[in-house]
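Visitor: Okay, here's what each chain looks like letter by letter:
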Amino acid sequence: MKIGLFIPCFINELFPHVAMATLELLESLGCEVEFPMEQSCCGQPLANNGDSKGACDAARRFTNVFQRYDYVVAPSGSCVSHVTHHYDWYIAEDTAYQQLKPKVYEIIEFLQDVLKLEKLPKPVYFPHKVSIHQSCHGLRELHHASPSELMMPYHSRLEEILKLVDGVEVLLPERRDECCGFGGTFCVDEPELSTAMGEDRIAQHEATGAEYIVGADPSCLMHMGGIIRHQGKSIRPLHIVEILTGRGAGT
Amino acid sequence: MKDDSVKHPQATAEFLKDRAQAKWHDSAIWWVRQKRDAQAKQLPEWEELRRLAREIKAHTLSQLDDYLAQFEANAQKNGVTVHWAADADEHNRIVHGILAAKQVKKLVKSKSMLTEECGLNPYLEQHGIEVVDTDLGERIVQLRHEAPSHIVMPAIHLKKEQISELFHKELGTEAGNNDPTYLTHAARANLREHFLTADAGLTGVNFAIAETGGVVVCTNEGNADLGTSLPPIHIASMGLEKIIPKLEHLGVFTRLLARSAIGSPVTTYTSHFHQARPGGEMHIVIVDNGRSDILGNEDFYQSLRCIRCGACMNTCPVYRRSSGFSYSYIIPGPIGSTLGPSRDMKKHGSMAFACSTCGSCSNVCPVKINLHEQLVLHRKKAFEQNLLPAGKKMGLLAMRFLTQHPALFDLGGKVMRKVVPIIPESLTRHSAWSRAGRDVPPMPAQSFKELYQQRSQNKKDKEGQQ
Ligand code: SF4
Chain A
-13 MKIGLFIPCF
-3 INELFPHVAM
7 ATLELLESLG
17 CEVEFPMEQS
27 CCGQPLANNG
37 DSKGACDAAR
47 RFTNVFQRYD
57 YVVAPSGSCV
67 SHVTHHYDWY
77 IAEDTAYQQL
87 KPKVYEIIEF
97 LQDVLKLEKL
107 PKPVYFPHKV
117 SIHQSCHGLR
127 ELHHASPSEL
137 MMPYHSRLEE
147 ILKLVDGVEV
157 LLPERRDECC
167 GFGGTFCVDE
177 PELSTAMGED
187 RIAQHEATGA
197 EYIVGADPSC
207 LMHMGGIIRH
217 QGKSIRPLHI
227 VEILTGRGAG
237 T
Chain B
13 MKDDSVKHPQ
23 ATAEFLKDRA
33 QAKWHDSAIW
43 WVRQKRDAQA
53 KQLPEWEELR
63 RLAREIKAHT
73 LSQLDDYLAQ
83 FEANAQKNGV
93 TVHWAADADE
103 HNRIVHGILA
113 AKQVKKLVKS
123 KSMLTEECGL
133 NPYLEQHGIE
143 VVDTDLGERI
153 VQLRHEAPSH
163 IVMPAIHLKK
173 EQISELFHKE
183 LGTEAGNNDP
193 TYLTHAARAN
203 LREHFLTADA
213 GLTGVNFAIA
223 ETGGVVVCTN
233 EGNADLGTSL
243 PPIHIASMGL
253 EKIIPKLEHL
263 GVFTRLLARS
273 AIGSPVTTYT
283 SHFHQARPGG
293 EMHIVIVDNG
303 RSDILGNEDF
313 YQSLRCIRCG
323 ACMNTCPVYR
333 RSSGFSYSYI
343 IPGPIGSTLG
353 PSRDMKKHGS
363 MAFACSTCGS
373 CSNVCPVKIN
383 LHEQLVLHRK
393 KAFEQNLLPA
403 GKKMGLLAMR
413 FLTQHPALFD
423 LGGKVMRKVV
433 PIIPESLTRH
443 SAWSRAGRDV
453 PPMPAQSFKE
463 LYQQRSQNKK
473 DKEGQQ
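Same order as they appear, the protein sequences are chains A and B.
Position 139 (the first sequence) corresponds to 125 in the numbering used here; numbering is contiguous.
Heads up: take any position in the second sequence, counting from 1, add 12, and you land on the numbering used here.
Everything labelled a hint here was simulated from the structure, so no lab data went into it.
Ideal Cβ placement from N, Cα and C applies to all residues, glycine included.
Incorrect hints may have been included.
With a Cα cut of at most 16 Å, we get these calculated EDC-like pairs of lysine to aspartate or glutamate [what the hints assert, rightly or not]: (1) B:Lys393 to B:Asp356; (2) B:Lys392 to B:Asp311; (3) B:Lys35 to A:Glu20; (4) B:Lys380 to B:Glu158; (5) A:Lys219 to A:Asp186; (6) B:Lys380 to B:Glu60; (7) B:Lys471 to A:Glu20; (8) B:Lys392 to A:Asp74; (9) B:Lys471 to A:Glu13; (10) B:Lys172 to B:Asp191; (11) B:Lys471 to A:Glu127; (12) B:Lys471 to A:Glu10; (13) B:Lys358 to B:Glu310; (14) B:Lys472 to A:Glu20; (15) B:Lys393 to B:Glu310; (16) A:Lys39 to B:Glu60; (17) B:Lys29 to A:Glu127; (18) A:Lys219 to B:Asp451; (19) A:Lys(-12) to A:Glu18; (20) B:Lys380 to A:Glu127; (21) B:Lys14 to B:Glu158; (22) A:Lys89 to A:Asp74.
What follows is a set of in silico ranges between Cβ atoms, one per label pair, in the way DEER data are often shown [claimed, not checked]: (23) B:Gly403 to A:Gly218: 27 to 33 Å; (24) A:Lys115 to B:Glu182: 31 to 37 Å; (25) B:Lys29 to A:Gly195: 30 to 36 Å; (26) B:Gly403 to A:Val100: 31 to 37 Å; (27) B:Pro192 to A:Gly195: 32 to 38 Å; (28) B:Asn470 to A:Val100: 26 to 32 Å.
Some, not all, of what chain A presents toward chain B, calculated at C-beta under 7 Å [what the hints assert, rightly or not]: (29) Asn(-2); (30) Leu0; (31) Asn35; (32) Val100; (33) Leu101; (34) Pro113; (35) Val174; (36) Met183; (37) Met208.
Please take these sequences and the hints and turn them into a complete structure.
Guide: Next up, the structure:
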C-alpha cells in the first residue's frame, strides 16, 4: 500500500510541523508514504473566487500527480473536501480523476476507516483540556461529525480518536459547530467580519476552560491563532495530529 | 426603500463598529435558530420531511407550466380573476388597475416580500393610494421608512427602546414606555382603525394549490385575515414558484415552515382562500419577474424551491453579524445572495462573496437548497464577467500561474517566510489580514518540502554509509 502525502500549499509553507507529524504518524503505523515534489495547490482559492480555468488546471494537475498512489492522505479537511466534493464541477469527465476520487482521504478518516486504528503507535499521555473545533468543510462535506443543523444520531470523529489519548479532557464549545470566520479569501475580503467571527469563536472555546483549541484544519487554526496572538490570550490552537504523535504540548 | 448600492464588506465593517449592538443582533437571531433546533428535534421524521418537501418542489418545478395552467383554471372556476405579470412593473400596474377601477383610497397589506421586490408601496403612493402594512414588524419598518432587514422578522434589527421611541413619535404612545405588550396594543389599536377604513386588502401567498385553485397564507398575527375579511376586495400576489400540486402536499410544508422560521410547531393562522366573499372580488396576480430565467438555469433553478422561511438567515454567521442592511438585494442572507446575483450580477455581485462557505444554510434549509454552493457558482459568473476588483483578479491570475509552476510557487513561499518577519509591524498593521486585529502567523525557517528533501537526503546518506 503506497500512500501519496498531499500537503496543501499553505501547510507546506506555514505549518511544516503539522505536515511532518502527519508523515511520521503514518510511517509509524507501517505505511509506505511518499511526498510527490511536483504537487501544488489543489485550486480551492481559485475555485472559490470563480476562476474556473485555474481551478480546472489545478484539478488536472492534482490528478496527474496523485493517480499513481493507492491512497492520498492530507491533514486538511477543507482541501480534501475540495478535491473529493468539488472537482466534479471542473473535471467530472476525467476518468483518472473518477478513479482517484475514492482514494483521497483526510488523515483522521484514513486512520479510522482504512487503518481501523484502535491504538496509537506509541502511547500518548496528554493531560490537558481541549475544546474541539469542527471545521466547516470537514464537518458538513466530509461528515466528520453530525452537524448541529441535521437531526441525526450524534457522532464525532475527533472525539472518537481522542479516546485513544490518555489523560486528555475533551470539551465542546457553546454553539458546537459555528464557523470561525476564516473562509479562505473571505478572511481578507471581509476582514472585520472574519475577525469578529473568530473572536466570538475563540471566546466560546475559552469559556470551556480548555487550554487548547483542537481541530483537523490548519487554516481555521491559523486564523484563530492570529487573533489569539494579537490579543495575547493563553489558549493555543493545535492540530489533532500533533497530539496523536505525542508531541502536542511541545510545539 | 432599500439602498441597493451598498457593498457588503464596507456596510458590515460599519455595522460592526458598534460591537455591543452587533452582539445583541447575533444573539437575538441565534436564539431563533435554537428554537428551530428544539422543534425539529421533536419530529423523528424531520429529515424525511425535508427530503419530501424537496422532492415535491422539484417535481412541481419540472412541470411548472402545467401546474400553473391547472391552478389558473381551478381558480377561475372558483370565480377568482387571475392576472399574469411578466415583471415588477406589470404587477404594479395590474394592482393599481384593480384598485383604481373601484376608486380605492386605502389598501391594507399583510406581509409580502414579493411586493417589496416589486416596489409596490411607492408605486401606489405615487398614484395617490395610501398603503398600510399591517404585519407588526412591517408596520414598524414602514413607519421608519426602512426596508425589512429580515424576510420573516422585518424589524429584528431594532430593540424595543427604538420601537418605543418610534411609536411615541408616530402613534403618540407614552415616552419611555418600553413594555412590549403596551407597544403591541398601541400598534393594534392604530391598525384596527386602518382595517376598518380600508377599501381593499392585499396579501402575499405562501402556497398555491393547483388542484383546488386556492391560496394559503400563513401568519401569526391574523392580519391577513382581517385585511381580507373587512374590505370587499382581496388581491393575492404570488411568485410563480409558489405552486404545489395537491392539497395533500400542504401538510409537509406547513409542518416545516413555522418550525424552520420561528421555531414554533405551526403558524397561528394558516388561512385558505378559495373565492371572494359574497359581494366582494378576489384577484390573484401571478408574477414572473425573472423567475423563469432562474428556472432555465441549471446551476440556480433549485433556488426556486424556497418557501421563504428565513432559517438560512438565522443560521448564517455572516448575516447575524452584518444585518439585512449590509446586503444590496431586498432579500438578504444566503437565499438573497443567490437570488440577488441571479437578478443583477453587477448590482448584487458582492453578496455572492459575503460567505465563508460554512454550509450551515444548506443544512437548515427545509427544501434542501444547495445555498452555499450556489454562491460559489455565482462567483464563477462574477469572474467571467470581469466583476472582481482588479487587484484581486490579478492576485488570482498570479496564483493560477504559480499553481502550475511549483518551483516558482516554492520560491514565492520562501521569500514570504524570509521577508514577513523583517517587515516592521507598522507596515503590516494595515493589511487586510491584520487590520481588524489578527497577527500574521510565525514564519518557519523551512518549508515542509525543504525538510522532506533533507530528510530523504539524510536517509540516503545513512544507507550509503551502511
Ligand atoms: S432558502 Fe431554504 S432556508 Fe432559506 S428562506 Fe428559503 S426555504 Fe428557508
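Visitor: Each of the hints needs a verdict: does it hold here or not?
Guide: For each hint, the structure was consulted:
no., hint, verdict
1, B:Lys393 to B:Asp356, "11 Å, holds"
2, B:Lys392 to B:Asp311, "11 Å, holds"
3, B:Lys35 to A:Glu20, "48 Å, violated"
4, B:Lys380 to B:Glu158, "31 Å, violated"
5, A:Lys219 to A:Asp186, "13 Å, holds"
6, B:Lys380 to B:Glu60, "11 Å, holds"
7, B:Lys471 to A:Glu20, "14 Å, holds"
8, B:Lys392 to A:Asp74, "15 Å, holds"
9, B:Lys471 to A:Glu13, "14 Å, holds"
10, B:Lys172 to B:Asp191, "8 Å, holds"
11, B:Lys471 to A:Glu127, "38 Å, violated"
12, B:Lys471 to A:Glu10, "14 Å, holds"
13, B:Lys358 to B:Glu310, "20 Å, violated"
14, B:Lys472 to A:Glu20, "15 Å, holds"
15, B:Lys393 to B:Glu310, "13 Å, holds"
16, A:Lys39 to B:Glu60, "38 Å, violated"
17, B:Lys29 to A:Glu127, "33 Å, violated"
18, A:Lys219 to B:Asp451, "12 Å, holds"
19, A:Lys(-12) to A:Glu18, "5 Å, holds"
20, B:Lys380 to A:Glu127, "14 Å, holds"
21, B:Lys14 to B:Glu158, "7 Å, holds"
22, A:Lys89 to A:Asp74, "15 Å, holds"
23, B:Gly403 to A:Gly218: 27 to 33 Å, "32 Å, holds"
24, A:Lys115 to B:Glu182: 31 to 37 Å, "53 Å, violated"
25, B:Lys29 to A:Gly195: 30 to 36 Å, "31 Å, holds"
26, B:Gly403 to A:Val100: 31 to 37 Å, "43 Å, violated"
27, B:Pro192 to A:Gly195: 32 to 38 Å, "36 Å, holds"
28, B:Asn470 to A:Val100: 26 to 32 Å, "29 Å, holds"
29, Asn(-2), "5 Å, holds"
30, Leu0, "5 Å, holds"
31, Asn35, "5 Å, holds"
32, Val100, "22 Å, violated"
33, Leu101, "22 Å, violated"
34, Pro113, "26 Å, violated"
35, Val174, "4 Å, holds"
36, Met183, "6 Å, holds"
37, Met208, "5 Å, holds"
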